[in-house]
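Chain by chain, the residues:
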Amino acid sequence: MAQSLVLTLLGGAVLRVSALSDIYVNYVKPGFRLPLVVAGLVILLLGVLGVAKEWRRPYPGKGPGQDGHGHGPWVAWLLCLPVIAIFLISPPPLGSYAAERDQTPPPRPAPVGAYVAIAPGTATAMPVGEFIGRAWGDPNQSLRGRQVRLVGFVVPSKKKGQWYLTRMQLRCCAADAFPLKVAVLGAAAPRADTWVEVTGTWVPTPYDRLPKGTVAPEMKATRVAKVNQPGEPYE
Amino acid sequence: MSDRTTLDWTADPDSPVPPPSWGRRAPEAQVLPWVFAALVGFLLIGNLLLAPHLTAPALRTWSTIFVAICVQAIPFLVLGVALSAAITVFVPPSFWTRALPRRPYAAVPVAGAAGLVLPGCECASVPVASGLMARGVTPSAALAFLLASPAINPVVLVATAVAFPGQPVMVLARFAASLAVAVLAGWAWQWLGRPGWLRIPDRAPVPGESRMSAFLSAMRHDSLHAGGFMVVGALTAATLNVVVPRSWLAAVGDVPVLSVLVLATLAVLLSICSEADAFVAASLSTFSPTAKLAFLVVGPMVDLKLIALQAGTFGRAFAARFVPLTFALAIGVSLLVGWVLL
Numbered sequence: 007m008a009q010s011l012v013l014t015l016l017g018g019a020v021l022r023v024s025a026l027s028d029i030y031v032n033y034v035k036p037g038f039r040l041p042l043v044v045a046g047l048v049i050l051l052l053g054v055l056g057v058a059k060e061w062r063r064p065y066p067g068k069g070p071g072q073d074g075h076g077h078g079p080w081v082a083w084l085l086c087l088p089v090i091a092i093f094l095i096s097p098p099p100l101g102s103y104a105a106e107r108d109q110t111p112p113p114r115p116a117p118v119g120a121y122v123a124i125a126p127g128t129a130t131a132m133p134v135g136e137f138i139g140r141a142w143g144d145p146n147q148s149l150r151g152r153q154v155r156l157v158g159f160v161v162p163s164k165k166k167g168q169w170y171l172t173r174m175q176l177r178c179c180a181a182d183a184f185p186l187k188v189a190v191l192g193a194a195a196p197r198a199d200t201w202v203e204v205t206g207t208w209v210p211t212p213y214d215r216l217p218k219g220t221v222a223p224e225m226k227a228t229r230v231a232k233v234n235q236p237g238e239p240y241e
Numbered sequence: 002m003s004d005r006t007t008l009d010w011t012a013d014p015d016s017p018v019p020p021p022s023w024g025r026r027a028p029e030a031q032v033l034p035w036v037f038a039a040l041v042g043f044l045l046i047g048n049l050l051l052a053p054h055l056t057a058p059a060l061r062t063w064s065t066i067f068v069a070i071c072v073q074a075i076p077f078l079v080l081g082v083a084l085s086a087a088i089t090v091f092v093p094p095s096f097w098t099r100a101l102p103r104r105p106y107a108a109v110p111v112a113g114a115a116g117l118v119l120p121g122c123e124c125a126s127v128p129v130a131s132g133l134m135a136r137g138v139t140p141s142a143a144l145a146f147l148l149a150s151p152a153i154n155p156v157v158l159v160a161t162a163v164a165f166p167g168q169p170v171m172v173l174a175r176f177a178a179s180l181a182v183a184v185l186a187g188w189a190w191q192w193l194g195r196p197g198w199l200r201i202p203d204r205a206p207v208p209g210e211s212r213m214s215a216f217l218s219a220m221r222h223d224s225l226h227a228g229g230f231m232v233v234g235a236l237t238a239a240t241l242n243v244v245v246p247r248s249w250l251a252a253v254g255d256v257p258v259l260s261v262l263v264l265a266t267l268a269v270l271l272s273i274c275s276e277a278d279a280f281v282a283a284s285l286s287t288f289s290p291t292a293k294l295a296f297l298v299v300g301p302m303v304d305l306k307l308i309a310l311q312a313g314t315f316g317r318a319f320a321a322r323f324v325p326l327t328f329a330l331a332i333g334v335s336l337l338v339g340w341v342l343l
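In order, the protein sequence lines correspond to chains A and B.
What the first sequence shows, in the working numbering, is residues 7 to 241, in sequence order.
What the second sequence shows, in the working numbering, is residues 2 to 343, in sequence order.
Hints may be right or wrong, so weigh each one.
[Stated by the list, open to error] Covered by chain B, per the in silico footprint, the following chain A stretches (three or more residues, Cβ under 8 Å):
| hint | segment |
| --- | --- |
| 1 | 7-15 |
| 2 | 28-42 |
| 3 | 91-97 |
| 4 | 149-162 |
I should point out that these hints are in silico values taken from the structure, not numbers from a laboratory.
All residues carry an ideal CB built from backbone N, CA and C; glycine is no exception.
Chain A on its own, in the form it takes in the complex (with noise of 0.2 Å):
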């Protein structure tokens, strides 16, 4: 009976990150959402439909061959340990503790060839990697001289000057997330972790005279503002 509860807790804390709010997003792709529910409705059903198995055995109780398994794996006991991290530690999405660890350089994005021309005049918004893509691989070099929009965290840099603007990216969960870097030039850091909206424009560096160990990108940033995380944290 205590192993169904403990299922019952489990399928409760599944529904709790996805059917109930949008905390899945902290660990998986937002696409993951309609597995989560369905999944968290049979483990629900399994630890509810078994208490109330349990609860009607009369007094004897353990016959020989009940379930198969009178007392269940000792295992299943660490079911537990998610269900207690949710709701105690209710882990939020990787933050520059994650992204600073990660030393090495993200797979450089082929180059596609096919970006669209970027409107000059008003500052365009868009996403970290695709600012890194254009940077790297865009032989038109379309980002010289536009205004671009990127909304990220703060991370700190090592080197005097600079932050870095950093989304972190999931192929699948964020055990596997590896951040996007954009290093920040002319402006002040505002505290690690702090989510911001930086305008700005980007400082062409040739690949042939490439630093050793320069992986971001950089950018002269005009206005750098305060703002909500977003809804999806990751990239």
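Please build the complex by placing chain B on the supplied structure of chain A, with the hints as guidance.
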């Protein structure tokens, strides 16, 4: 009064308590709802009071990764467990003896290939394989099924394709290498194995249990079992992710054969369910594709929870021989397939 009632226990005023079979619950039933209520209350209050203060960056990063692995794996786990319970309960035992060839050496590849259509994670495949043996299937064929089913079933292949977007060759390599290892291990057991090494369990169905009830019990048991071991894997993976500097992994990742051995060992230690291991493999971005393939091939066939399950089901004498055999075959075949395909 005594002339009106006959069977009701209140008819006898001398009886101090109702008989035990009347209206009483099993002992734990009286305590557990309160424990449960206390736990739910603790979690809800803790969510309000404690969560704002647990802000150490390392702890939060660790917990995000831990919860993310669990959340990502759970739907795959539920799907696999549901299908495996349905197959165990609703497919009649006679089907297997009719479907497999009589000669053992021919039955091994057929049983291995049958893993393609029978989903289930490795925790489920051990009981299924022991059930097959109890119903008269040659042990070596049942073992080939045991190894192949968690590695090459559709759920796992889809999960692998999702985890490695744009790399369909990884799915192909995983399929080919896993099937080859399963068939080779089955043949090796047929050739070298002695009957005394393997304890064939006797699985009698619970009398009087309806099919639906058996299905739900199997599913509950498997999801608790597999889910628990999945948490072990998520704990280890999250801890390694936060504690081990990436530069160490990167340093190992550069050495060709060593990196394969390291990831194969990691697969044994992490014991991640096959429905979720592709996602962990994809996150080990500093390693070569061959090393990741070894991780994917070894994981569903040899890991700590499987060794425990196999030793518990078939006996220690079996596990002591079968586990090293499978591990060596898995590494060899992964190197070969990785060299050819990746």
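query: For the segment 149-162 of chain A, do three or more residues have a beta carbon lying closer than 8 Å to a beta carbon of chain B?
result: violated (count 0)
query: Are there three or more residues in the segment 7-15 of chain A whose C-beta lies closer than 8 Å to some C-beta of chain B?
result: holds (count 9)
- request: Would you check chain B against the segment 91-97 of chain A, counting CB to CB pairs closer than 8 Å, and say if three or more residues qualify?
  value: Coverage by chain B holds here, the residue count being 7 at a Cβ distance below 8 Å.
field: Check of the segment 28-42 of chain A against chain B for coverage (Cβ-Cβ below 8 Å, three residues minimum)
entry: It holds: at least three residues are needed, and the segment 28-42 of chain A offers 7 whose Cβ sits within less than 8 Å of chain B.
Hint 4 from the earlier list is the only one contradicted by this structure; the remaining hints agree with it.
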